[in-house]
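Peer 1: Each chain, written out:
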Amino acid sequence: MALKQISSNKCFGGLQKVFEHESVELKCKMKFAVYLPPKAETGKCPALYWLSGLTCTEQNFITKSGYHQAASEHGLVVIAPDTSPRECNIKGEDDHWDFGTGAGFYVNATEEPWKTNYRMYAYVTEELPQLINANFPVDPQRMSIFGHSMGGHGALICALKNPGKYKSVSAFAPLCNPVLSALGRKAFTGYLGTDESKWKTYDATHLVKSYPGSQLDILIDQGKDDEFLSDGQLLPDNFIAACTEKKIPVVFRLQEGYDHGYYFIATFIADHIRHHAKYLNA
Amino acid sequence: MEEEAGEEPRLDRPTAPKDFHFYNMDLYDSEDRLPLFPEENTRLRRQTIQAEMTYDPKEVGNSFVDEGRMGVPAYPPYGIKRREPGWEQRDWRLEGEVETEDQDQDFSQWSMAGQSQALWESYRYTHGRASEEYECYVIPEEEDEEEAADLFCVTCRTPIRAVEKDFGEHKEHEVTPLSKALESAKEEIHKNMYKLEQQIIEMENFASHLEEVFITVEENFGRQEQNFESHYNGILETLAQKYEEKIQALGEKKKEKLEALYGQLVSCGENLDTCKELMETIEEMCHEEKVDFLKVSNETLGKFLKTKTDVEIAAQPEFEDQTLDFSDVEQLMGSMNTILAPSAPVINPQAPNSATGSSVRVCWSLYADDTVESYQLSYRPVRDSLPGKEQAEFTVTVKESYCSVTNLEPNTQYEFWVIAQNRAGPSPSSEHAMYMTAPSPPIIKTEAIRSCEEAALICWESGNLNPVDSYTVELTQVEEPAASGVTESVVGIPICESLIQLQPGQSYTICVRALNVGGPSARSTPATVRTTGSYFPLNKATCHPWLTISEDGFTVIRSERKNLTQELQPQQTQFTRCVAIMGNLIPVRGRHYWEIEMDEHLDYTVGVAFEDVPKQEDLGANGFSWCMRHTFASSRHKYEFLHNRTTPDIRITVPPKKIGILLDYENSKLSFFNVDIAQHLYTFSCQLQQFVHPCFSLEKPGCLKIHNGISMPMHATFY
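Chains A and B supply the protein sequences, listed in that same order.
Last residue of the first sequence: 282 (UniProt numbering), numbering continuous.
Last residue of the second sequence: 719 (UniProt numbering), numbering continuous.
Honestly, the hints are just simulated from the structure, not real lab data.
Small disclaimer: the values here were computed from a predicted structure and weren't measured.
Backbone N, C-alpha and C define an ideal beta-carbon position, used for all residues, glycine too.
A couple of the hints might just be wrong.
[Unchecked claim] Among the chain B residues that face chain A by a calculated CB cut under 8 Å, a handful are:
{"no.": "1", "residue": "Pro648"}
{"no.": "2", "residue": "Asp649"}
{"no.": "3", "residue": "Ile650"}
{"no.": "4", "residue": "Arg651"}
{"no.": "5", "residue": "Gln679"}
{"no.": "6", "residue": "His715"}
Using the sequences and the accompanying hints, generate a full structural model.
Peer 2: Structure, rendered in structure tokens:
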């Protein structure tokens with residue numbers, strides 16, 4: 001698992017780096033970004049994983065969200081992986097913006113031809129953390145996860161499927177109930193087949209219903225002028241209702257006037273970093 | 001003869017030096033051999049030592065090492081040099097100011113030097129080189145010049161070399177490292193020097209005391225002389241005056257008597273002439289006519305004979321018995337020994353801090369010449385009373401020239417005057433002096449105490465009807481080991497309230513004293529303040545009439561009763577629209593945290609507001625309040641974070657049963673938490689130009705339980 005450093009730039013006293021490695025799970029070259037805060041020079045820091053949305057690479061978050069200052073202050077190592085395997089030579093992988101390349105949906109595909117490479121869930125929950133723990137000054141016991149849109153869905157399911165693994169979770173405009181959204185249904189059909197019961201194992205709203213109740217504080221920010229919200233792709237109300245019923249703590253903030261993009265993320269990124277720092281640095 | 005003569009001095013010698021020896025016996029070690037003329041020598045010596053003293057002590061220490069290497073004597077010189085420490089000490093202490101005429105004082109110091117002889121030896125060794133130049137001893141040749149002495153033989157009081165310890169005469173002796181011996185010697189020297197210093201101070205004090213006594217004696221006797229002189233002069237004057245008076249009286253008497261006698265003599269002569277004339281007339285008549293003669297002579301003779309001839313002496317020649325009156329002189333003479341009535345005493349003004357709440361100490365003084373048997377101290381309170389109504393007067397009799405007058409009213413001015421008496425009578429009254437009793441202790445309003453991590457606001461009632469000058473707050477940290485001592489006082493507080501800076505996480509016992517010119521009052525009943533979290537009482541003046549507050553003061557209850565339909569008049573302080581109450585938070589710009597416990601279905605509004613928030617408006621409905629509102633309707637919880645009637649759209653899945661509120665002035669933030677799950681709910685960014693207070697409102701019957709004086713939980717520190 002040799003790491004190849006692609007770039008390294010000083011940022012808020014720390015270093016924003018990009019590495020490339022051969023992924024075992026995805027069977028392709030994968031890039032990921034990692035921010036090492038100044039604190040990482042002297043000791044192990046908590047790790048915070050960011051999962052990006054559709055069409056993104058590891059670059060979008062690190063160039064647009066402006067998270068570095070908060071991460072530097074709180075001493076968090078922030079890891080941002082790519083959103084899907086790339087250049088796997090699967091027929092049709094680049095045909096759609098919302099399926100295939102840049103749209104891994106953080107599931108382990110079970111359908112041909114995707115099941116060999118499209119194992120993003122295993123990649124972000126197993127392979128990548130092991131890689132990070134082995135190569136960077138992080139404390140394996142302290143990790144949290146957050147994401148945006150498809151990545152918000154990814155963050156929620158990673159946390160809900162692994163009680164206790166993540167200290168906290170948060171999301172920007174996540175796909176809260178993908179089995180009921182057009183985007184989700186398309187992806188799940190492609191990766192998981194037509195058996196909807198399998199889909200539910202990757203659906204945050206359904207996962208909440210069977211969540212064993214380990215302490216998990218969820219923060220969700222949602223732009224009120226988000227076209228995906230009005231399009232019925234995100235369905236946060238379903239998730240909130242499920243959490244209210246199961247008494248899973250969520251603070252859902254509907255932000256007046258914000259849309260789905262990175263300007264919205266950049267506005268509230270510091271709140272989210274602090275939310276995670278509260279649990280990671282407690 | 002020659003032998004005898006030669007022997008004589010030898011015989012004398014023990015006596016002569018012995019005298020000197022005796023002279024110095026107490027001052028020096030008996031081993032000392034003193035020069036015959038110590039004064040001269042010491043003078044000389046002192047110069048040399050002063051020269052020595054200019055050396056840097058460090059340098060001396062260093063030079064010792066070097067010298068040791070060069071092979072300086074391994075033992076210290078004996079002889080007269082031994083007194084050097086004494087001089088050295090003296091010079092060091094008195095800094096060369098003391099001249100030889102101060103010898104008397106110096107002797108006592110010298111004796112100290114003798115005591116620490118042994119230590120001096122080792123100490124002096126370090127000064128060996130410098131003093132050598134003035135020494136008259138033979139430097140012993142060292143066999144091994146390379147080896148320096150590095151040990152100090154305690155038994156022989158001499159520095160030795162290590163090798164000597166093992167093989168030489170010091171084999172059995174107790175030795176210590178030379179440096180250590182040196183250290184202890186120095187230490188001892190410093191102790192002795194300190195003792196000497198003390199002695200000098202004592203002696204100086206004694207001398208100045210003697211001087212005072214001397215002057216006093218001189219003055220007293222001088223005054224007595226004057227006194228006698230004036231008395232005797234008085235007596236002499238009186239006597240001279242009496243003499244004059246007597247002489248004059250005597251002369252007048254003499255003149256009077258002589259005049260009387262002369263008058264008598266003159267009239268006697270006249271009578272005589274008349275008789276002779278009569279005689280002649282009668283003889284003529286006898287010769288002329290018989291008948292006429294008989295008729296006339298009988299008539300004339302009878303007439304004449306009827307005239308009484310005064311032959312009594314008008315004035316007695318004897319000196320009448322004149323008694324001399326010396327009574328006034330006797331009285332004057334008597335007054336030489338007996339006493340006069342005293343002069344009016346001089347009453348002192350009140351000494352600061354001499355009064356208590358019920359007593360004052362009044363002092364006065366008499367004239368030195370007066371003899372006083374007792375004093376009558378009178379006083380009466382000075383109060384603004386109705387004119388004509390005189391205050392009762394009290395008088396006490398005391399022997400001393402002071403009196404502690406007790407059973408007085410606190411914080412009250414009294415007028416005092418004093419009369420001295422002896423058997424000759426009372427003096428005139430002294431001037432009247434005003435004395436003030438100390439105030440009564442204030443009463444801390446314990447229920448109104450507010451505190452936070454770094455300060456406490458204490459209020460109290462004066463406890464006195466009249467105004468006092470100021471108040472003092474005394475605080476003691478309870479956890480401190482020396483808990484009994486006052487650790488801090490805040491003085492000169494002009495009002496009945498003080499904001500006191502404190503350390504976080506501590507417990508303090510706080511007392512207040514009132515002060516006036518008479519002094520401080522006794523301590524108030526203490527109050528306890530804990531600087532854990534922020535502690536605030538509820539402000540009952542703001543309480544909506546439908547709310548009640550529990551006995552502990554921290555549960556706000558709105559009961560189920562039918563609400564009154566009548567509209568309440570808008571008021572400045574009391575909430576009249578929303579059923580709310582405010583807390584009295586300490587006005588300190590820091591971080592304040594408190595929690596509110598409630599039923600999750602209750603409709604409530606909690607947050608902060610300016611003190612002058614419109615009381616006839618809902619909380620959060622204006623720019624003067626920042627609140628979280630919960631409403632429960634059709635089995636849905638709605639949470640609003642209201643300021644200026646607007647709220648962000650926030651959904652919360654777990655209804656809080658306990659809300660934590662963090663007010664952070666420094667970062668201009670107000671945050672709300674679900675305490676049980678450490679969940680952050682919302683943070684206002686609010687510019688707080690004024691101080692705000694916690695506020696609590698109940699929109700439905702139910703209760704809110706307020707927890708304060710608790711430390712901020714860890715999770716809240718991130719906001």
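Peer 1: Given a cut of 8 Å on the nearest C-beta pair, is the interface hint for Arg651(B) held or broken against chain A?
Peer 2: Status holds, d = 4 Å.
Peer 1: At a threshold of 8 Å, is the proposed contact between Gln679(B) and chain A supported by beta-carbon distances?
Peer 2: holds (5 Å)
Peer 1: So, as I understand it, the hint says Ile650(B) touches chain A; can you test that by seeing if any CB pair is closer than 8 Å?
Peer 2: holds (5 Å)
Peer 1: Is the hint on His715(B) kept, meaning its closest Cβ partner in chain A is under 8 Å away?
Peer 2: Constraint on His715(B) satisfied, holds at 6 Å.
Peer 1: Holds or violated: is the Cβ of Asp649(B) closer than 8 Å to a Cβ in chain A?
Peer 2: Result: holds, 4 Å to nearest chain A Cβ.
Peer 1: Any CB of chain A closer than 8 Å to the CB of Pro648(B)?
Peer 2: Since chain A brings a Cβ to about 6 Å from Pro648(B), closer than 8 Å, the hint holds.
Consistency with the previously given hints is maintained throughout, with no hint failing.
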